[in-house]
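Engineer: Each chain is listed here by its residues.
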Amino acid sequence: MTDFLQLFLSGLATGSIYALAALGFTLLWQASGTINFAQGEFVMLPAFMMVVLLGSGLPLYVAFAVSIVLSVLVLGWLFKRGLVDPLFKYGMMPIVVATIGLSIAMRNGVRAGYSAEPQPFPQVFPDKVFDVAGVTVSAGDIGTFVFAMLLVVVTQAFLNKTVTGRAMQAVAQNTESASVLGINVPRMIFYTFAINAVLAAAAALLVTPTYLAKFDMGEGLGTKAFFAAIIGGFNNSRGALLGGLIVGVCENLAAAYISPAYKDAVALLIFMVVILFKPQGLLGKKEERKV
Amino acid sequence: MTKLMEGSATKVVADISTDAGAVDFSAAVLKAKQSDADAIFIVTNEEESARMLREFRKQGVKKPLIGETTLIGQKVIELAGDAANGALGHVGLTVEAAPLKAFGAKYKTEYKSESDHNGIKGYTGMYVLKAAIEKVGKLDRKAVAAAIRGGCFSAKQTPGVLMDVCFDDKGDLDRESFMVEVKGGHQVVTATLPPLNAKK
Numbered sequence: 001m002t003d004f005l006q007l008f009l010s011g012l013a014t015g016s017i018y019a020l021a022a023l024g025f026t027l028l029w030q031a032s033g034t035i036n037f038a039q040g041e042f043v044m045l046p047a048f049m050m051v052v053l054l055g056s057g058l059p060l061y062v063a064f065a066v067s068i069v070l071s072v073l074v075l076g077w078l079f080k081r082g083l084v085d086p087l088f089k090y091g092m093m094p095i096v097v098a099t100i101g102l103s104i105a106m107r108n109g110v111r112a113g114y115s116a117e118p119q120p121f122p123q124v125f126p127d128k129v130f131d132v133a134g135v136t137v138s139a140g141d142i143g144t145f146v147f148a149m150l151l152v153v154v155t156q157a158f159l160n161k162t163v164t165g166r167a168m169q170a171v172a173q174n175t176e177s178a179s180v181l182g183i184n185v186p187r188m189i190f191y192t193f194a195i196n197a198v199l200a201a202a203a204a205l206l207v208t209p210t211y212l213a214k215f216d217m218g219e220g221l222g223t224k225a226f227f228a229a230i231i232g233g234f235n236n237s238r239g240a241l242l243g244g245l246i247v248g249v250c251e252n253l254a255a256a257y258i259s260p261a262y263k264d265a266v267a268l269l270i271f272m273v274v275i276l277f278k279p280q281g282l283l284g285k286k287e288e289r290k291v
Numbered sequence: 001m002t003k004l005m006e007g008s009a010t011k012v013v014a015d016i017s018t019d020a021g022a023v024d025f026s027a028a029v030l031k032a033k034q035s036d037a038d039a040i041f042i043v044t045n046e047e048e049s050a051r052m053l054r055e056f057r058k059q060g061v062k063k064p065l066i067g068e069t070t071l072i073g074q075k076v077i078e079l080a081g082d083a084a085n086g087a088l089g090h091v092g093l094t095v096e097a098a099p100l101k102a103f104g105a106k107y108k109t110e111y112k113s114e115s116d117h118n119g120i121k122g123y124t125g126m127y128v129l130k131a132a133i134e135k136v137g138k139l140d141r142k143a144v145a146a147a148i149r150g151g152c153f154s155a156k157q158t159p160g161v162l163m164d165v166c167f168d169d170k171g172d173l174d175r176e177s178f179m180v181e182v183k184g185g186h187q188v189v190t191a192t193l194p195p196l197n198a199k200k
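From first to last, the protein sequence lines are chains A and B.
The first sequence begins at 1 in my numbering and counts up one residue at a time.
The second sequence begins at 1 in my numbering and counts up one residue at a time.
Hints are computed from structural coordinates only; laboratory data are not their basis.
There could be a bad hint or two in this list.
To be verified - Ranges of calculated distance between the beta carbons of each label pair, as one might list FRET restraints:
1) H186/B to T2/A: 34 to 42 Å
2) G33/A to K62/B: 35 to 43 Å
3) E6/B to Q156/A: 55 to 63 Å
Every residue gets a Cβ at the ideal spot worked out from N, C-alpha and C, and that includes glycine.
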């Protein structure tokens, strides 16, 4: 039982990182109808920003702060203006294909421009271990889970309780009505992209000490985050959180009790089951359109 | 390895495999803890070794972590950081060994990084080849290969080989090697092992 609990808690920590990336997926979808298949690379790039900044002698927390600003500029503003805006009028599919191309370009750009080798990254949380009723819990897992959940709660609070957040939600629900009501729709969409960039940078800070900074670190992470978003409900932010946690926990349990070889298949399996029986996701709402 | 251990005082209590390219070793490390082994022998590639060492540290495992050249290699030490400290292993070559310290210092001056065993192998390999070519007197592939097989090259006569080395008739080399422990981010030689076929 103690082993199960230990795996469960460790899985929650991993799942909370997936949840951050999955939340970015759902926010972008809700605000702009964009599915960003470069989301994994959006986590990889801030990781390398921090590696470069750490290499120049900056402490970790300063490197993180600077990488957030750079991420908002590059992964928020530049991504929106350079890729999404020009293709928006052609529908969803060109944007999807373009983001797939972007992910390949980002991966190979980092590999060729920086290095194909993994880069060291400092631990964010101390190497302490706590024994709670026989269950070993690391400070790293607790810190990762708490930090990620805090970010999710703050994001939710911003969206629900601030004027700007509610304006962003209005744009997500009905762009035309929001525009008629005087909401600056392009600015609200940009804010969504900016929040996604911040969440990606935070995910990078939490995941890179374990994954190590490598050009392909985002591949698996992006795929699992996408599955997590679908599992939880692509049109529900809380669903992204639930999906991420489910994937993280189930992966860990599968690796321990079945085989490590099946670990990566767990997310896909759950995804297929959910798609078959509840296509809108566990917490998502059915969307209907009149034709 | 399990077969080699049969009949010895060492009993293999668990054999845990991981997926190639794995990034999360929490389940594997937990299984290792559950096995209650006295020591853990790790064989993975460089990245995986670094991640595994970090996971062992994260889960508070205090048992000896033992490996081969890769586990306690310089790249793994760099990637794993403090988590590599305490790891033990056998290495054929290390810049921390007395005969190789001068090479290590020159390498660091030139390339601004520590050489691992690959750097030393590249260097000494070229000098073995040079010595064999000089022995044969011509660039004949078969003759040079034959000169290496079954031959010995001493560091005194060929300083570039850095350590005395012999080759058997199959081309496998035989020379001193080292047991090391990682301390403070560096390999520290704890014992020197004689060549397998050392004259007693």
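Engineer: Could you see if the CB distance from H186/B to T2/A stays within 34 to 42 Å?
Structural biologist: Holds: the Cβ-Cβ distance is about 37 Å, inside 34 to 42 Å.
Engineer: Using the C-beta atoms of E6/B and Q156/A, is the stated range 55 to 63 Å upheld?
Structural biologist: holds (59 Å)
Engineer: With 35 to 43 Å as the target window, see if G33/A and K62/B comply at their CB atoms.
Structural biologist: violated (53 Å)
Checked against the numbered hints given earlier, the structure breaks only hint 2 and satisfies all the rest.
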